[in-house]
Amino acid sequence: MAELSYVLATIKTDCELALSESDLRSASPDTDRLIELYRDLEFKSWLDELLSPGLFADSPAQPAPSQVSDLSVVTITDQAVFDSWLSRLEAAPLFAFDTETTSLNYMQAEIVGLSFAIEPGEAAYVPLAHLNPGLEGQLDRDRILDQMKPLLESDAVKKVGQHLKYDANVLANHGITLRGIAHDTMLQSYIIDAAGSRHDMGSLALKYLGQRVISFEEVAGKGAKQVSFDHVDIEQAAAYAAEDADVTLRLHETLMPKLEVETALNDVYQRLELPLVPVLSKIERNGALVSIDKLRAQSHEIAIRLAELESQACELAGQPFNLASPKQLGEILFEKLELPVIKKTPKGAPSTAEEVLVELANDYELPAVLIEHRGLAKLKSTYTDKLPEMVDTRTGRVHTSYHQAVTATGRLSSSDPNLQNIPIRTQEGRRIRQAFIAPEGRKIVAADYSQIELRIMAHLSSDAGLLHAFANELDVHSATAAEVFDVSLDEVTTDQRRKAKAINFGLIYGMSAFGLAKQIGVARGEAQEYIDRYFARYPGVADYMDATRSIAHEQGYVETLLGRRLYLPEINARNKQRQLAAERTAINAPMQGTAADIIKLAMIDVDAWLTETALDAKMIMQVHDELVFEVADEACETLCNNVTERMANVIELQVPLLTEVGVGANWDEAH
1 MAELSYVLAT
11 IKTDCELALS
21 ESDLRSASPD
31 TDRLIELYRD
41 LEFKSWLDEL
51 LSPGLFADSP
61 AQPAPSQVSD
71 LSVVTITDQA
81 VFDSWLSRLE
91 AAPLFAFDTE
101 TTSLNYMQAE
111 IVGLSFAIEP
121 GEAAYVPLAH
131 LNPGLEGQLD
141 RDRILDQMKP
151 LLESDAVKKV
161 GQHLKYDANV
171 LANHGITLRG
181 IAHDTMLQSY
191 IIDAAGSRHD
201 MGSLALKYLG
211 QRVISFEEVA
221 GKGAKQVSFD
231 HVDIEQAAAY
241 AAEDADVTLR
251 LHETLMPKLE
261 VETALNDVYQ
271 RLELPLVPVL
281 SKIERNGALV
291 SIDKLRAQSH
301 EIAIRLAELE
311 SQACELAGQP
321 FNLASPKQLG
331 EILFEKLELP
341 VIKKTPKGAP
351 STAEEVLVEL
361 ANDYELPAVL
371 IEHRGLAKLK
381 STYTDKLPEM
391 VDTRTGRVHT
401 SYHQAVTATG
411 RLSSSDPNLQ
421 NIPIRTQEGR
431 RIRQAFIAPE
441 GRKIVAADYS
451 QIELRIMAHL
461 SSDAGLLHAF
471 ANELDVHSAT
481 AAEVFDVSLD
491 EVTTDQRRKA
501 KAINFGLIYG
511 MSAFGLAKQI
521 GVARGEAQEY
531 IDRYFARYPG
541 VADYMDATRS
551 IAHEQGYVET
561 LLGRRLYLPE
571 INARNKQRQL
581 AAERTAINAP
591 MQGTAADIIK
601 LAMIDVDAWL
611 TETALDAKMI
621 MQVHDELVFE
631 VADEACETLC
641 NNVTERMANV
651 IELQVPLLTE
661 VGVGANWDEA
671 H
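Position 243 of the sequence shown, counting from 1, maps to 243 under my numbering, and the rest follow consecutively.
Be a bit skeptical, because a hint or two may be false.
Claimed, not checked - Straight-line distance between alpha carbons at most 27 Å, and here's what the computed BS3-like set of lysine-lysine pairs gives:
| # | residue 1 | residue 2 |
| --- | --- | --- |
| 1 | K576 | K518 |
| 2 | K158 | K258 |
| 3 | K282 | K386 |
Claimed, not checked - FRET-style restraints, in silico, Cβ to Cβ:
| # | residue 1 | residue 2 | range |
| --- | --- | --- | --- |
| 4 | D233 | A92 | 27 to 35 Å |
| 5 | E301 | A92 | 33 to 41 Å |
| 6 | V487 | G521 | 16 to 24 Å |
| 7 | P120 | H671 | 25 to 33 Å |
| 8 | R271 | L615 | 22 to 30 Å |
| 9 | R574 | S381 | 52 to 60 Å |
| 10 | V487 | H671 | 29 to 37 Å |
| 11 | E660 | R271 | 24 to 32 Å |
| 12 | K344 | L4 | 54 to 62 Å |
| 13 | V487 | V261 | 47 to 55 Å |
Read the hints as simulated data drawn from the structure, not as lab findings. Where is the CB? At the ideal position from N, CA and C, for every residue including glycine.
Let's have the full structure, built from the sequences with the hints guiding it.
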């Protein structure tokens with residue numbers, strides 16, 4: 001073996017090659033072919049480098065061949081030129097539009113300039129509020145916005161943009177309601193392939209146009225030296241802003257044909273995502289009123305409890321240590337206390353991750369203390385400390401940002417603050433929700449779809465047992481318990497219902513027998529028996545899951561009931577674990593995605609009704625399967641009745657959609 005290895009490792013130098021040494025000398029790259037290759041393979045970083053000027057020592061410092069280097073940029077500082085462009089915009093069947101502002105915080109941002117593009121290759125920038133000393137000739141912002149207002153508020157004049165919800169919010173700061181949102185390139189890309197790439201303009205320009213766009217950092221600087229856009233030189237600002245409008249228009253012309261050939265995807269885009277933009281903008285600007293006093297009082301109480309838990313943990317460990325240090329924690333748990341090692345990090349050290357502590361907490365006190373400490377510390381830093389700082393000084397409310405183009409399933413996410421992750425099952429989480437309050441004379445109303453994913457499973461699988469349970473308004477978890485444990489509905493115990501609930505939700509998330517066993521505290525064999533019995537009693541569910549796996553393997557994606565496509569790049573991976581994970585996603589994604597589509601339909605429908613009736617109520621939050629409203633006391637009953645009916649009838653399924661509505665002085669009371 002040693003001799004064979006030596007032969008195998010020896011380079012043969014006596015081979016006849018159809019190449020000479022000169023053929024192998026480094027030469028100038030074929031940039032066009034590299035760009036095409038990198039775009040096909042989605043090598044974003046390499047493509048970005050390749051399109052950067054002067055990348056190669058022997059190359060001139062100029063844009064790569066496939067970049068648009070002939071963009072005509074018009075910087076408008078003359079009223080007559082602006083009037084001419086305004087006439088062109090009014091007559092255009094569609095124009096690309098972008099705002100440049102002072103801040104990413106949509107509630108605080110003010111317009112610095114506007115950019116437009118009607119035809120590819122020509123774009124205009126109107127500087128309105130640059131602060132560079134010595135500048136002359138900027139047009140008056142208020143006057144220009146007054147002239148633009150009829151155009152921007154017209155439904156008849158169609159606009160395309162990249163993430164137009166932000167622009168709509170900024171325009172609202174200047175008294176303009178953006179209408180006529182015909183297209184949004186961020187949403188077009190998201191619908192075409194939600195998980196295939198990022199959906200920011202830079203990524204999309206590289207992927208679809210082979211173009212590197214000017215980055216914000218290139219004109220505004222980086223880090224501590226970064227300036228707001230009103231301090232950017234007008235010439236640089238014009239190049240940056242005009243390119244944004246031009247690229248947006250060209251992206252639309254590239255992406256829209258891809259959507260139009262896919263009828264179902266185009267329907268999701270036109271029916272759901274685009275109409276949702278103004279609805280989300282309205283919700284964001286409505287904001288939610290919070291009690292700063294309640295949050296600060298809770299933060300103080302959590303601080304006291306954290307100190308107690310830290311003292312308790314050190315006492316259990318037999319020495320003081322830093323609870324936030326994985327290294328010190330690992331030494332305490334696995335070296336000093338000799339607790340069993342459940343899992344290791346990639347570097348081979350015993351893991352102190354949450355899932356490890358949860359398992360250890362079943363038998364040991366210290367991990368349980370650490371879990372409580374971590375949970376409270378996160379609540380304190382994320383919510384009770386941070387929310388008071390995020391209250392807008394002008395409105396007295398917190399204004400989250402909802403993101404349409406983030407999750408693969410179509411669910412909305414939120415940030416600054418993230419309203420999706422406030423716990424509902426813990427006492428501390430409920431107390432945070434108590435700080436979301438209604439003003440005097442008003443109430444908070446929470447309308448929540450009940451067990452929507454299980455109902456969607458019943459519809460998709462057409463399983464007779466599930467359809468019967470929901471049609472007859474049975475407690476589905478008790479019904480499942482009766483089937484799985486072979487008892488009558490009246491004989492189902494609390495523990496059996498708990499296990500059945502874990503089975504119901506676990507299976508739609510692709511949980512294995514091992515995972516179910518851990519969750520309900522039984523042996524793996526017993527858990528497998530429960531699963532086998534479940535599928536025997538609900539054969540339609542088993543058939544649906546088998547069919548879904550087969551479809552996923554065959555076409556590489558699954559779809560929601562409304563046609564949203566969810567790609568599964570690892571469904572045919574050679575690595576079996578990755579393939580199984582993709583199969584679990586394939587089973588759950590249509591349910592989770594359909595639930596996301598349904599809540600979006602409900603938001604659009606309820607918002608239209610609120611606008612039409614001018615009821616003294618407003619939508620202030622969307623959290624998972626729940627819509628939250630703030631309503632005048634006298635309009636509360638009307639709102640509850642109509643929202644319940646509209647949410648239940650927004651789509652027709654084989655089983656009824658049940659909406660549970662609660663009312664209270666705060667968000668917690670409304671549950």
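Hint check results:
About 22 Å separates the Cα atoms of K576 and K518, which keeps this hinted pair within 27 Å; it holds. Straight-line distance between C-alpha atoms of K158 and K258 comes to about 20 Å, which keeps the hinted pair within the 27 Å bound. Our distance criterion of 27 Å between C-alpha atoms is met by K282 and K386, whose separation comes to about 23 Å. Taking the beta carbon of each, D233 and A92 are about 29 Å apart, inside 27 to 35 Å as hinted.
For E301 and A92, the Cβ-Cβ distance of about 59 Å falls outside the hinted range of 33 to 41 Å, so the restraint is violated. Between V487 and G521 the CB atoms are about 20 Å apart, so this pair conforms to the stated range of 16 to 24 Å. The given range of 25 to 33 Å is broken by P120 and H671, whose C-beta atoms sit roughly 52 Å from each other. Look at R271 against L615: about 24 Å separates their beta carbons, and that is inside 22 to 30 Å.
Checked against the hint of 52 to 60 Å, the pair R574 and S381 fails, with Cβ atoms roughly 42 Å apart. Evaluation of the 29 to 37 Å hint for V487 and H671 yields a pass: the beta carbon distance comes to about 31 Å. A hinted range of 24 to 32 Å for the beta carbons of E660 and R271 is consistent with their spacing of about 26 Å. Between K344 and L4 the beta carbon distance is about 36 Å. The supplied range of 54 to 62 Å is therefore violated.
Between V487 and V261 the CB atoms are about 54 Å apart, so this pair conforms to the stated range of 47 to 55 Å.
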